[in-house]
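For the record, the sequence lines run as chains A and B. The numbering of the first sequence is the numbering used here, which starts it at 32 and goes up by one. The numbering of the second sequence is the numbering used here, which starts it at 3 and goes up by one.
Please keep in mind that the hints were generated in silico from the structure rather than gathered at the bench. Hints may contain errors.
Here are the computed lysine-lysine pairs in the DSS-like style, where the Cα-Cα straight-line distance is at most 27 Å [unchecked claim]:
no. : chain 1 : residue 1 : chain 2 : residue 2
1   : B       : Lys138    : B       : Lys148
2   : B       : Lys17     : B       : Lys237
3   : A       : Lys235    : B       : Lys148
4   : A       : Lys81     : A       : Lys183
5   : B       : Lys306    : B       : Lys281
6   : A       : Lys235    : B       : Lys161
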Amino acid sequence: MMCYKFSELHSCIRVGLLTMLVSCSYFSMPSEAQTLVLAQITERPKKDFKELRPMVTYMAEQLKEFGITSGEVRLFSNVSELVAAVKHGEVHWITETSFTAAKLVHEAGAKLIATKWKNGQQSYSSILYARSEHNIQSVTDLIGTTIAFENKNSFSSYFLPRLYLESQGLTLERLDNLRQVPAENKVGFVFSRNEVNNVLWVDKRLVAAGALNNGDWANRDRMPASIKSRLTIFYQSLPYPRSLEIVGPGLSPKIAKALTSKLLMMNSASDNGVMARYEQTTGFSPITPDIYHQLEQVYQHSLKWQEP
Amino acid sequence: VKIVLMTKTLSMTKKLALLLALIAIISAVIIFSLSLYFNQKMHQSVSHIGQQQIESAVSAQLIRDVTILSATLTDNLSEPLYNDDFTAIKLVIDELARSGELAYVYVFDIDNNIVHDGSVDINNYGQNLSHISQVKLIPSGQLEIKKIGRVIHLMEPIKITDSVFGGITFGIKFKKAEQDIAAYSDEIHLASDSYYRELWVSMLWALGWLILLILPIALILAKQLLAPLQQLAKKSQAIKHHHADISFALDRNDEIGQLASALQEMTTRLSESHHEVIKIAFIDELTSLSNRRYFNVNLPKLIKWSDQYQFSFAIIFIDLDHFKQVNDDLGHDVGDALLIAVAKTMQQVTNAFCHQHHMLIDEKVIVARLGGDEFVVVVPLGNDQCNITELSDQLLDTFSAPFNLKNHEVKASLSMGITLYPDHGTTINELLKNSDLAMYDAKNRGRGCASMFNQAMKDEFQLNHVIKLEVELALSNGQISLEYQPYYNLDSNFLIGACALVRWQHPQYGLIPAELLNEVLEDSRAICALSAWVLKQVCCDSLLLDQKGIDCLFSVNISNESLTEPDCANDILLLLNEHYRASQSICLQLNDTVLATDIDYCATILNQWKNAGAQIWIDRLSLGYSSLHYVEKLPIDAFVIDKTFIYSLTKTQPSPVIKSIYALAQSMAITVIAQDITTAMQAQHCRELGSITGQGMLYSGALSIEQLIAQMESAQYANKNK
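All chains should be built: construct the whole structure from the sequences, respecting the hints.
In C-alpha cells:
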C-alpha cells in the first residue's frame, strides 16, 4: 500500500516536469529545426537534465549555421513515449543504451550516429554473480530462487541478463518485493533500484544472485572489496556499446551529418568540459555495422517480452 | 627601628588617630575581602548553576531535536526498510550523521536484527541488537530516549500505518553540545573574570577613598577625644615651669575628669610639700634665720634684680668674737643660746633699720646664719652707702650690752666685714671673699668693729697668699738674699757684728719687707725652712770673715716655729753642729712670746743650741709673756730691746720699765742689745743704761755681705792702727 503511494508521488513529479518540457517543444517547427532537442529516458530527470543541457546548448551553438538557434533537453519516462516523440519529429537527438536505441531504430526511423564512451567505457557487458558459497555451476541452479536486477530500463542489469537467462530456457517471474517467493519452476526477479542495493542484497543473501555491468563490478564505490571477496561471477555477456548517439527523422540529414561530424571531432581539451559533463563522456566513436546487428538481436528478443 | 622611633616621637593624638585609622582600614579591608570572597563564591555558584542549567537546557534541547529528527527519520525510513532499500536507508543514516556526531546507528527489522549499521558493507547485518553492547535501550514499540553519560541514546520504532516492522536506534554524542557549553562557559568565565576584575578595581578605588576619608576623620576624632588630656598635659607643662596657680579642674565626670581632680589634689599636696621642703631646706634649724643655702640661692636673684632695677646692696659678714671660748668656758648650750639670742637681735635690728628707711622686708633683705658663729646681713641700699655703716653701728651698739643666758652674763662682740654690690664684687664668691677679708681686717683692728672692704685688703691678702705660696721656690731660685744691719760697740763705735735681715726681691711685688714675711709665715712650716736657710747662709758668710781673720758677731732671727717644732729645732741644731766654727759667732734671736709655751722644752732646746756654740738672744722682751722665772731658767745671753723702747728714750730720763730691764739683765749677767737707735741721745741713754752693743740708722743702714766685709776690714785696720 505504502509502496503504491510512494510510486504515485514520484510519478506525479516526473510527469509534471516532462509535460512542461513537451509543451515547450510543440511550438518549434520540426522542419525548420530551429531548436535542437536532445532526449533520454530517465528515472532521475533532475540529474539527467543537468548532464544533458550543456551538450545540447553547445551543439546548438556549433550548428548555428544550419539555422539552429537553441538547444533543448526532453526527458521521457518510458520507451514508447520516446519512440512516439521521435517519430513525430519532436526529438532530434537521443543518447541511450542499446535496448532503447534498438526500439528507436526499428520503430521510429532513427539512425545511429556515434557510440559514446561513458566513463572511459566504449562498451560493457552484463555480469551475473552470487555469493561464492552458493557455488552456482549452471543458471538452472537459480530455479526457485530470486535474482535482483537493477531496474526495468537497465540494459546491462535487466535486459541482457534476462535475455541470457531466458535464452538458457529459464522462465522468469516478476516479484514485487523480497518477501515474495517465486514459483518452484521459475526464477523470481526483483528490481534493486540501484547497483549498491543489488550488491548488498546478494551479499546479505536477500537474493540468490544479482546482475551488474562489468563497469560497476570494477567500481570500488559500488562494489566494496570486502563484499566482492565473498562474491563470484557465474556469467558474463558479450560486450555491447556503452551508450549510443541517435538522431531522429525530425533532424535533416544535413544537420545530422554535421552533428555526427561535430561529435566525432570533440575532444576534452577544447570543449570546455562539455563532454565530461555529458554523462562523464570521454569521447565518441563512429558506428560499426556489427552494432546494427547486435541491435537487431536485441530488438527481436524484446518483442517477446511483456513490459514488467 | 624607624617605625619604633617614629611612634616614639609621634604625639598621642596622632598615635590614636593612626590607631583608629588602622582599625577602620583593617575593618574595611576585611569587609571588602569578605565581600569579594563571597561575591566570588556566589559568582562561581551562579556560574556553576548556570552551566548546569545550560547543560540541562542544551541536553533537553538536544533530546527534543533528536526526537524530532528521529521522528522524521523513521518516517523516511519506513519505505526503504520495507523495500530493503539499503541505499535509501544509508542516505537517511548519512543525513542523521550530518546532524550530530553519531556513536552508533542501527536500523533493525521486526526481529530486532540489524538491517543497516550505516557502513558501506553493513558488517553487522543480521545481528541481533541485543548483541551490540553500544545499544543501551531495548525495543519496546515506543520511542525510548535516554541520556547516559555523554551520549543520548534513542530508540524508535519504524511503523507503516500503525504496525511496527522495525526500528532505528542510535547514540548521539553529547560532545559537540558539550563543546558549545564549554565555549559558552568560557564566555561566562571570561565575562565573570572581567566583572570580577572590575569589582576588584572598584573595591580598591572605594578602599582608597575610604582611607583618604578615614584619616582626617580619625584625626578629628582623636583630637576631640584627647583634647581634655592635651589640656591637662599643657597644664602639667605649666606646672613644670613653676606656674603654681594652675588649676586642673575640668568640668566633667568621666575618667578624664577624675584624672584632673587627682592631678589637682596632687598639685596641691605637692605645693604644700614644696613649702615644707623649702622651709627645711632654707631655714636654719637652731636660729630660725635663713641658712647658707637660702643665701646662696637668693643672692644671685638679688644680683639680678639689682642689675635690672639699678640698686646696690650691702653684705655685712659677721663673726662672733671669741665664740669658741664661750662654748669652751660655758658649754655648748650657752653657746647655742647665745647664737639664738644674737640671731634674734640681729633680725630685730635689721627689721628696725628697714622700717626706719622705709624698706619692705622681703626677699631682698636677708638675715642668715652661714654656719657656726658666722652670720650675714644683706640689705638693699639705693645709692646711699652711709646707711650701711649706720646699720653696722646700730648692731655694734646693740651688742655692747651683755645677754643674760642661762644665768650667765655673756657679752657678744661682733667683727663685721662689709662689701657693696656691685662696687666690691659681682659674684657671690667674690662678694663673700671680700666680706671675709673686711671681717678679718676688723678682727685685726682689734675685733668688735666693722670694716668696709677696700682694694688694699685684697692686695695684702693676695701678697700674703703669694708669700706663703712662693717662699720655698724663692729660696731655691735666689730671689731671697741676706743683708746685714751692723752692730756697734756703743762706747767705741767699733763695728763688731751684724744682724741678718732677709731680703725678698719679688719679680712682681718688689721688695717684700722682712716683718711682713715673718708675720705672714708665722705659724707655718715655711718659716722653719726660711730660718734654717738664713742660719745656713749666715754660717757661710761668717766663714768668709773668719777666713780673713776677722771676728764678727752675727745675729739671726729664729722663728717661734723653729723652736716649738722639734724637727725644725733639730734642723737648727744640726746646722750649728755642721758649722761649728761659725756657730761660735752666731746669736740666735728669739721672740719672747714663744717662751710662754713649754718652759722645760724651750730650756732643753735652747741649751742644745747654746752647747753647739750659739748665743741665745731674746727679742721684744717686754711685749710677750716672759717672766723672771723663765729668764732664770733659760740660757739667755742677751736681751734685745727694739724701737718700742728705744723711741721712748727721747726724754731726758728713761722710763722705769727700761731701767728695770737693764737692772734685771745686769743682775743676771745678761747683755742688753739696743736696736733701732736713730739719735745720739738714744745712743747716749743706752750707753748710760748699760748697753755696750747697739745698732740703728744712727750708725749704719743695712749692708750687703761684701760691704760688711769691707767695713769690717777697714775697722779692723783702723783698730790695729790705734
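Hints and how they fare:
Annotation: proposed proximity of lysine 138 of chain B to lysine 148 of chain B holds, straight-line Cα distance about 9 Å (limit 27 Å). Only pairs whose Cα atoms come within 27 Å are accepted, and lysine 17 of chain B paired with lysine 237 of chain B is accepted, the gap being roughly 21 Å. This hinted pair does not check out: lysine 235 of chain A and lysine 148 of chain B have alpha carbons roughly 31 Å apart, beyond 27 Å. Between the alpha carbons of lysine 81 of chain A and lysine 183 of chain A the distance comes to roughly 23 Å, so the proposed pair stays at or under 27 Å and holds.
For the proposed pair lysine 306 of chain B and lysine 281 of chain B, the alpha carbon gap of about 23 Å is at most 27 Å, so the pair holds. At most 27 Å may separate the alpha-carbon atoms for a hinted pair to count; lysine 235 of chain A and lysine 161 of chain B meet this at roughly 23 Å.
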